[in-house]
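Residue numbers (my numbering), protein chains in the order written: chain A, 1 to 107; chain B, 1 to 509.
Hints are not guaranteed to be accurate.
Chain B is nowhere near these chain A residues, computed Cβ spacing over 10 Å in every case [said to hold, decoys possible]:
| hint | residue |
| --- | --- |
| 1 | 16 |
| 2 | 17 |
| 3 | 53 |
| 4 | 79 |
| 5 | 95 |
Each computed DSSO-like pair below joins lysine-lysine, with the alpha-carbon atoms no more than 30 Å apart [unchecked claim]:
| hint | chain 1 | residue 1 | chain 2 | residue 2 |
| --- | --- | --- | --- | --- |
| 6 | B | 173 | A | 7 |
| 7 | A | 7 | B | 302 |
| 8 | B | 302 | A | 95 |
| 9 | B | 173 | B | 155 |
| 10 | A | 7 | B | 30 |
| 11 | B | 401 | A | 95 |
| 12 | B | 68 | B | 401 |
| 13 | A | 95 | B | 90 |
| 14 | B | 173 | A | 10 |
| 15 | B | 362 | B | 274 |
| 16 | B | 68 | B | 90 |
| 17 | B | 30 | A | 10 |
| 18 | B | 239 | A | 69 |
| 19 | B | 239 | B | 279 |
Don't read these hints as lab results, they were simulated from the structure.
Nothing here was measured: the structure is a model prediction, and the numbers come from that model.
All C-beta atoms in this analysis are idealised placements derived from N, C-alpha and C, irrespective of residue type, glycine included.
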Amino acid sequence: MDLENQKRVKELAEAHGPENILVILGAAEGEAAGIAAETVTAGDPTYAGPLTGVQLGLSVYHVCEDAIKSELDPTVYDEQIGMMEMVLDVDDIVKEMTAIREQFSKY
Amino acid sequence: MNSVLKAASYVLVHAPDMVLHNGTTQTTEKVVNPGSDYLKTLPQHLRGFDQVVAYPPNQTYIGNLSPKQLGELEQPFFDKPVENATRQGKFGEILPQDEFLLLFQACDMFDLVHLDKDFVAATKPALEQHPLMDAFILGRIREGTAMEQVERFVKEEGAEGLYYNGRLVGYIKRAHDVDANLSAHVMMENLASKASAVLALKHLVKVSGIEASQIDYVIECSEEACGDMNQRGGGNFAKSIAEMAGLPNATGCDVRGFCAAPSHALVTAASLVKSGTFKNVAVVAGGSTAKLGMNGKDHVRKGMQVLEDVLGGFAALISENDGQNPEIDLDIIGRHTVGTGASPQAVITSLVLTPLEKVGMKIQDIDKYAAEMQNPDITKPAGAGDVPQANFKMIGALAVKSGELPREGLNDFILNHGMVGWAPTQGHIPSGAPYLGHARQEILDGDITKAMIVGKGSLFLGRLTNQFDGISFVLKKNEGKKEPSGGASKEEVRGLIAQALRDFAASLS
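Based on the provided sequences and hints, a complete structural model is requested.
See the structure below:
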């Protein structure tokens with residue numbers, strides 16, 4: 001995850017409390033989604049950014065997961081994300097995200 | 001009349017030592033984690049020049065392999081060297097690092113670059129054999145300096161070292177004592193960009209067959225910024241490159257837009273020629289030292305060689321319609337506007353579907369699309385997937401959503417209208433531009449008639465806006481020279497002027 005984004009996530013978690021933060025990802029494939037999810041839960045796995053060694057344990061989802069999709073206006077979802085959903089390997093993304101959440105999410 | 005793409009040239013510069021000393025992944029690691037295993041093992045993961053030359057994506061970049069031939073190879077490509085590969089290509093060449101360092105020094109106009117005299121003596125004969133290195137460039141290469149001075153400047157004067165095969169062979173010193181914009185680091189990036197662009201422009205003159213003196217405008221479209229502390233992106237790379245490439249009648253300017261800059265520059269060039277302002281406009285960009293080894297950690301972790309070991313450069317010549325070369329159709333310009341939005345769907349709609357619909361065309365009417373042409377060998381191990389493939393999937397999905405393609409036709413669409421990527425991950429280099437040379441050839445050969453070049457840029461990196469950006473255009477088979485319809489002929493204009501003068505004279509009497 002981009003170092004600047006790591007910094008922003010860290011600052012937001014400190015300001016509002018990690019239990020009040022939900023991170024929504026838009027990564028294009030499972031591995032990238034998994035790395036980003038790991039970064040905001042268990043810490044930066046690449047040891048490069050401000051979240052290195054910081055276990056925020058945030059609640060984290062990909063925008064194509066049902067938990068998020070069901071919260072959105074279906075028309076808006078179709079307009080903005082429908083095409084990408086057709087393109088992405090959603091099953092793989094869900095698998096990665098679920099694994100990371102089960103292991104590292106605290107909220 | 002539309003302008004034409006008269007030629008395109010492509011160069012790569014093998015720069016393994018710059019991966020270690022100038023790539024930002026490595027320079028950041030040296031600050032954050034100086035004793036890391038990554039830094040220790042990285043040198044063992046660098047490729048030799050022959051491997052870089054034989055690498056199939058690189059051979060595709062310089063024009064010796066077609067995109068189709070590359071697509072027929074099984075991925076990954078790094079273990080499938082091309083037999084009898086040469087550094088010279090139909091579109092350009094792959095330059096070794098030692099020769100580049102001499103060109104780099106020749107491109108320095110302010111006495112900042114100094115090379116070890118033994119290194120110069122050992123390397124100059126090779127550059128003297130280079131068909132594009134003329135007396136102007138060769139005459140600028142200095143004899144070199146003593147090694148003690150090189151070591152002193154690197155140790156004590158804040159100079160950046162220049163290395164070859166792990167050995168210090170020169171330095172670039174800062175151009176100002178306190179101005180960060182003229183630091184040795186910034187001068188290194190800018191001069192490397194300039195020198196690789198000069199090489200691309202020299203090749204463009206060669207492959208197009210144009211007289212260098214006929215190029216009257218140059219647009220440079222890299223991602224670097226040159227200027228001092230009072231005008232940090234003042235420019236003008238374009239003119240400095242034109243000077244070194246021997247274009248006496250050219251002026252020019254720089255166009256910026258992150259990875260979308262080449263497409264913005266090409267549309268600008270096509271407009272300048274179509275309007276009659278200039279006759280021959282060269283669009284050019286050199287490479288980026290910062291991006292060398294950008295995904296090196298992933299490559300090393302996966303036991304691979306570091307594949308981001310080349311600087312990329314390209315140039316394209318946009319000229320008046322010659323009735324032969326492919327036209328740049330300015331009636332079909334995709335644009336990502338401020339109001340478009342940043343979702344991939346909105347972006348692709350604005351760049352592909354909207355401009356085609358405007359002229360009554362469908363997505364499938366374009367034979368080939370070229371968007372972000374990054375080499376998947378580089379991006380897949382780094383978790384970024386196959387970027388060109390993702391783009392073609394999105395374009396195909398849009399065709400499905402707009403009802404012109406059945407869903408089961410998506411895979412065939414990707415095969416028929418897309419290509420495998422071959423460009424080094426040098427930011428502005430992969431964005432559409434790598435296909436120009438092949439597209440021109442395929443159109444001339446009658447293999448395709450229309451190609452869409454899509455440039456996309458991530459503006460958030462500059463921290464001024466969260467806007468995305470992009471611009472696209474269509475390259476199409478030349479329809480032959482036509483007199484503009486509805487206009488008056490030269491004779492008619494002469495008659496009208498004569499009549500107006502007679503009327504005016506009559507009104508005076």
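Checked hints:
| no. | hint | result |
| --- | --- | --- |
| 1 | 16 | 21 Å, holds |
| 2 | 17 | 25 Å, holds |
| 3 | 53 | 12 Å, holds |
| 4 | 79 | 7 Å, violated |
| 5 | 95 | 15 Å, holds |
| 6 | B:173 x A:7 | 34 Å, violated |
| 7 | A:7 x B:302 | 28 Å, holds |
| 8 | B:302 x A:95 | 22 Å, holds |
| 9 | B:173 x B:155 | 11 Å, holds |
| 10 | A:7 x B:30 | 20 Å, holds |
| 11 | B:401 x A:95 | 26 Å, holds |
| 12 | B:68 x B:401 | 28 Å, holds |
| 13 | A:95 x B:90 | 46 Å, violated |
| 14 | B:173 x A:10 | 39 Å, violated |
| 15 | B:362 x B:274 | 25 Å, holds |
| 16 | B:68 x B:90 | 16 Å, holds |
| 17 | B:30 x A:10 | 24 Å, holds |
| 18 | B:239 x A:69 | 52 Å, violated |
| 19 | B:239 x B:279 | 17 Å, holds |
The structure does not agree with the numbered hints 4, 6, 13, 14 and 18 stated previously, though it agrees with the rest.
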